[in-house]
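**Student:** Could you put together the complete structure from these sequences and hints?
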Amino acid sequence: MKTLSGMQKKILIDVERLKYPKSGIANVCVSLIKGLDEKESDFDYTFYGPKKNIPGTKKSFNIIDWKFWQKKFSINTKPFSLIHTTHQLSEYFHTVMNGQKKVVTLHDLNFLHDNSSEKKVNKSKKLVQNNIGNADAIVCISEFVKDDFLKNKGLFKLKSNVKIEVIYNGLIFPETTGFSSRNTYSFIGKKYILNIGVLFPKKNQEVLLDLISKNDRDLVLITSSAKSAYKEKFLEKIRKLGLEERVHILENVDNNEKYFLLEHCESYCHPSLAEGFGIPPVEAMYFGKPVFLSKLTSLPEIGGDLAFYFDNFSAEHMQQVYASGMQLYGSGKDEYALKLKARAIKFGYLEMAAAYEKLYSELLN
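In numbering that gives the first Met the number 0, the protein residues as written are 0 to 364.
Note that these hints are calculated values from the structure, not bench results.
Warning: the hint list may mix true and false statements.
[Unchecked claim] In silico lysine-lysine, DSSO-like type, Cα no more than 30 Å apart, as pairs:
(1) K8 - K58
(2) K189 - K158
(3) K189 - K213
(4) K119 - K294
**Tutor:** Here you go:
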């Protein structure tokens, strides 16, 4: 990388979403910080976010501590030559100064597709416009997101020479194996299907109840503690199908516990209707577990030809896909697991950090 001088070296990265440390975007922010920490670089990075949730680093990065009032009284960005907003609905850094460059990461345009009210659509559209309207580069987290954005580009006013490219989210994978748990779970030792994600209509977890009604597996869901109408509907369906003994909902699970549950599951199922990327299937692949996905949105990019896919969500079809997938996986388990892990590693944090640094360098040269 060409050495940059003076002000050119200073880059501000908005990691304000670390306010919600268990969220997917927060995980991506942590991965980016770790990746930039482990790379040699000519850039001088400053992170804007809640100091208590920004991970410790070997390098002495600058940190601007997030405060709630900064929406109204913004911080001084004059020293920075580039600002990177890490999600398209950020409420910060909507203005840039002459000569400053701006990068925005676009995770999805779900509000256009999830039957949101007109009021919510207009509010979200305005916020996305405030972020991407003056961006020099818009980074999409998958080819699916890029295609969706290009189809809907006419809804936004953009700079004429804006770069639009794909950089996949990068994950930090555990360096060890053999995780243990202080909890005693009734399903350990049984064959269970795992799903990770907030209980929400677009995540479509209810179809997994139909799947296990056709086999003898337990279903374990790692989710957040948010109450919702969908959760109530989900619990009612469990009762209706008589699956109370075989469905286990675990809330606010930490990473070590999650890795323990990934290590012991038979498989990972993700029948989501809408994903900008899809972090949990990648984590499952890293552990060499067979993954069963919907064919929708970004998921075929993640699973490639190693995942098994549901063409529809009827109980009979899902069970047929599940049984044949497990048979194929079981016929060469060790080799298949190694291939899955190798695919997962392509979505690593160092790869993501290198791609972002390359983009920063291109914009500043």
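**Student:** Hints first: check each against the structure and report whether it holds.
**Tutor:** Here is how each hint holds up against the structure:
no., hint, result
1, K8 - K58, "holds (15 Å)"
2, K189 - K158, "violated (55 Å)"
3, K189 - K213, "holds (16 Å)"
4, K119 - K294, "holds (27 Å)"
When each numbered hint is compared with the structure, a violation occurs for hint 2 only.
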